[in-house]
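All chains should be built: construct the whole structure from the sequences, respecting the hints.
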Amino acid sequence: DAGVTQSPTHLIKTRGQQVTLRCSPISGHKSVSWYQQVLGQGPQFIFQYYEKEERGRGNFPDRFSARQFPNYSSELNVNALLLGDSALYLCASSLGLLDTGELFFGEGSRLTVL
Amino acid sequence: AQTVTQSQPEMSVQEAETVTLSCTYDTSESNYYLFWYKQPPSRQMILVIRQEAYKQQNATENRFSVNFQKAAKSFSLKISDSQLGDTAMYFCAFMKYAGGGNKLTFGTGTQLKVEL
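Protein sequences, first through last, are from chains A and B.
What the first sequence shows, in the working numbering, is residues 81 to 194, in sequence order.
What the second sequence shows, in the working numbering, is residues -4 to 111, in sequence order.
Any given hint could be a false lead.
Said to hold, decoys possible - As a list, the in silico DMTMM-like pairs of lysine to aspartate or glutamate whose alpha-carbon atoms are at most 25 Å apart:
(1) K73/B / E47/B
(2) K68/B / E47/B
(3) K91/B / E133/A
(4) K50/B / E182/A
(5) K91/B / D21/B
(6) K108/B / E56/B
(7) K68/B / E5/B
(8) K93/A / E155/A
(9) K91/B / E131/A
(10) K65/B / D21/B
(11) K91/B / E134/A
(12) K68/B / E24/B
(13) K91/B / E47/B
(14) K108/B / D81/B
(15) K91/B / E24/B
(16) K110/A / E47/B
(17) K110/A / E182/A
(18) K91/B / E182/A
(19) K91/B / E56/B
(20) K73/B / E5/B
(21) K132/A / D142/A
(22) K65/B / E182/A
(23) K110/A / E133/A
(24) K73/B / E182/A
(25) K73/B / E12/B
(26) K93/A / E187/A
(27) K108/B / E187/A
(28) K73/B / E110/B
(29) K110/A / E131/A
(30) K68/B / E182/A
Please keep in mind that the hints were generated in silico from the structure rather than gathered at the bench.
Since the structure is predicted, the reported quantities are computational estimates derived from the model, not experimental observations.
Here's what the structure looks like:
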């Protein structure tokens, strides 16, 4: 079975641009979470979506938004990119809303903002 | 808010030896879960072991075991018979038992290198 897939794997943007990152969860998983991992740091929670509704939001500005589609895939959008948005963006899926930590992570999308 | 602290940025161990990674956390919650995740160079975060706070017995998974000290808010990971494939970044993480969602709070990680 396919694991969590993310695209693109790498991308380079310039300040002020917008970016969309995509995530396909494991088949049957209805919850998708997004994390930002800055180099040398642990991942920071951005969003959780379950059944197409936002169920949690971390301490990130409104430039960050996300959505989940009927097939449970998800997109993370970041507007007006800043240099500090350069990071590895991880997507994680789980069966339900609260799965006691059984999160399955993708390999991430590495965003570089110049 | 919860915080997770890993005070060892880097560690190294000889193959077949045992190594212990440290983690402390701060929370006012009484029910929660603690985890160790492994992130190899491939970047994919992989669950190593999980501990429910209400369980007194320390979790074990093959060569991996934890020392959970709830009163001290300490959660260390012991890797026995270290293998080259254990080389990775290890993250300690916390999750509230209730309150909606399965948000993980991670520490800053410990880079473990297993050497021949």
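Status of each hint after checking the structure:
no. : hint            : verdict
1   : K73/B / E47/B   : holds, 17 Å
2   : K68/B / E47/B   : holds, 13 Å
3   : K91/B / E133/A  : holds, 20 Å
4   : K50/B / E182/A  : holds, 18 Å
5   : K91/B / D21/B   : holds, 12 Å
6   : K108/B / E56/B  : holds, 20 Å
7   : K68/B / E5/B    : holds, 22 Å
8   : K93/A / E155/A  : holds, 17 Å
9   : K91/B / E131/A  : holds, 21 Å
10  : K65/B / D21/B   : holds, 10 Å
11  : K91/B / E134/A  : holds, 18 Å
12  : K68/B / E24/B   : holds, 11 Å
13  : K91/B / E47/B   : holds, 10 Å
14  : K108/B / D81/B  : holds, 8 Å
15  : K91/B / E24/B   : holds, 7 Å
16  : K110/A / E47/B  : holds, 23 Å
17  : K110/A / E182/A : holds, 13 Å
18  : K91/B / E182/A  : holds, 13 Å
19  : K91/B / E56/B   : holds, 22 Å
20  : K73/B / E5/B    : holds, 15 Å
21  : K132/A / D142/A : holds, 19 Å
22  : K65/B / E182/A  : holds, 22 Å
23  : K110/A / E133/A : holds, 11 Å
24  : K73/B / E182/A  : holds, 21 Å
25  : K73/B / E12/B   : holds, 11 Å
26  : K93/A / E187/A  : holds, 20 Å
27  : K108/B / E187/A : holds, 21 Å
28  : K73/B / E110/B  : holds, 17 Å
29  : K110/A / E131/A : holds, 6 Å
30  : K68/B / E182/A  : holds, 22 Å
The earlier numbered hints are all upheld by this structure, with none contradicted.
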